[in-house]
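2 protein chains.
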Amino acid sequence: MAKGSGMIHPNMATMISVITTDAAISAKSLKTALKTAADVSYNRISVDGDTSVCDKVLLLASGLAGNAPIEENTDDYHTFLSALEDVCVTLSKMLAADGEGATKLLTIDDAHMIASAIAKSPLCKTAAFGNDANWGRLLTAAGYSGASFAPAKVDIYIGSVQVCKNGGGLAFDEDAALQVLKKKEVTYIIDLHDGDASDIMWTCDFSLDYVKINADYRT
Amino acid sequence: MAKGSGMIHPNMATMISVITTDAAISAKSLKTALKTAADVSYNRISVDGDTSVCDKVLLLASGLAGNAPIEENTDDYHTFLSALEDVCVTLSKMLAADGEGATKLLTIDDAHMIASAIAKSPLCKTAAFGNDANWGRLLTAAGYSGASFAPAKVDIYIGSVQVCKNGGGLAFDEDAALQVLKKKEVTYIIDLHDGDASDIMWTCDFSLDYVKINADYRT
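Residue numbers (this note's numbering), protein chains in the order written: chain B, 15 to 233; chain G, 15 to 233.
Please keep in mind that the hints were generated in silico from the structure rather than gathered at the bench.
Relax, there's no trap hidden among the hints.
The calculated DSSO-like cross-link candidates involving lysine-lysine, where the alpha carbons are at most 30 Å apart (straight line), are: (1) G/197 x G/107; (2) B/118 x B/70; (3) B/226 x G/196; (4) G/226 x B/179; (5) B/70 x G/167; (6) G/179 x G/107; (7) B/196 x G/226; (8) B/179 x G/70; (9) G/107 x B/226; (10) B/107 x B/45; (11) G/179 x G/196; (12) G/226 x B/107; (13) G/226 x G/70; (14) B/45 x B/70; (15) B/70 x G/179; (16) G/226 x B/118; (17) G/118 x B/226; (18) G/70 x B/167; (19) B/226 x G/198; (20) G/196 x G/17; (21) B/226 x G/226; (22) B/107 x B/196; (23) B/198 x B/226; (24) G/197 x G/118; (25) G/226 x B/17; (26) B/197 x G/226.
Next up, chain B with everything else stripped away, as it sits in the complex (with noise of 0.2 Å):
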């Protein structure tokens, strides 16, 4: 399980998540898979670029399963690291997906320099709130994110709509795009040509609920 709303980004977000399992595995090597789940989930998702001092993840191993104990480097410990980081991936999107005032779970997958521009970014996060296909902001926000990339190379789809080819737009349909903007879950695809790293953020769009929330919470 996990809760948080706001003030969540990378590394210290508001939120509390406790996972629990049956499987018997030293506290060794149930730390090391935690921590390796953890970046690659608790650690990919930002609501506003906010965070604070409460942030918790726990995972608590009973043993009850009774199985011989999981050490690292055996094929249980990846069995074991590849169930946990499923379940700390779909709970991290959850809270992406949940923030405040959030209407719909962006996927931004890129480098990531790049993905953390993008999803702090209060422009690229009202497009979406607005469905707009606005793949300059998209741009531009990579381009002061300090990544080092060639412009005139990158490719930008939302969804399946390609909206940019080699930095430049493209005629794209307007309407399918859209529609794809319409859905509560859009990925924005951000290719620069340029080797093979790739990373992946989920943040949520930026609505007039957001700041309704965090203005008005007192009164």
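Got chain B sorted already, so can you dock chain G onto it with the hints?
Showing chain G alone in chain B's frame:
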């Protein structure tokens, strides 16, 4: 004169400013003066933390005043620079106050990394929109800014009202703070009690209209 509304943050804001003077001054001195003045004005404002590639400040000197041409490291140069800084700061504060959806100008008097983090924080800026004396959000943004300081030494003032002492709460006059926050110009002072360095940023609050402007502008 200056024009800009959103996508504004150092060092590449979406703005244009043109300043004219009839002073006679060498091109080299004029350039140095503008760079110096821009660093304490245009590079101290944020509307939304987003930027773009359309940033420009022009300073044109006609020489019509007929004075002996001003050169650097003279009294005349410092008089000229001081006046130029006044003009640039005034225009920069107007740009921040006139940000998309803004209802007020926020001045953040602090070390640079902290001022910049607060100026970009959706939580701090929505609190300002809601007239909420939420010093915890200010201190939290200071904490994640990357600046090195002792939280237990921090004092925070909203206008003349102290709202945080030695990093903790104190029984301040909530109504007095509300009256300060309801004004069109509000100053946050975060005193780290750690040396004499200080920095200023000007930003605006984060309102419902900001989201509307940037989500619905095409419909």
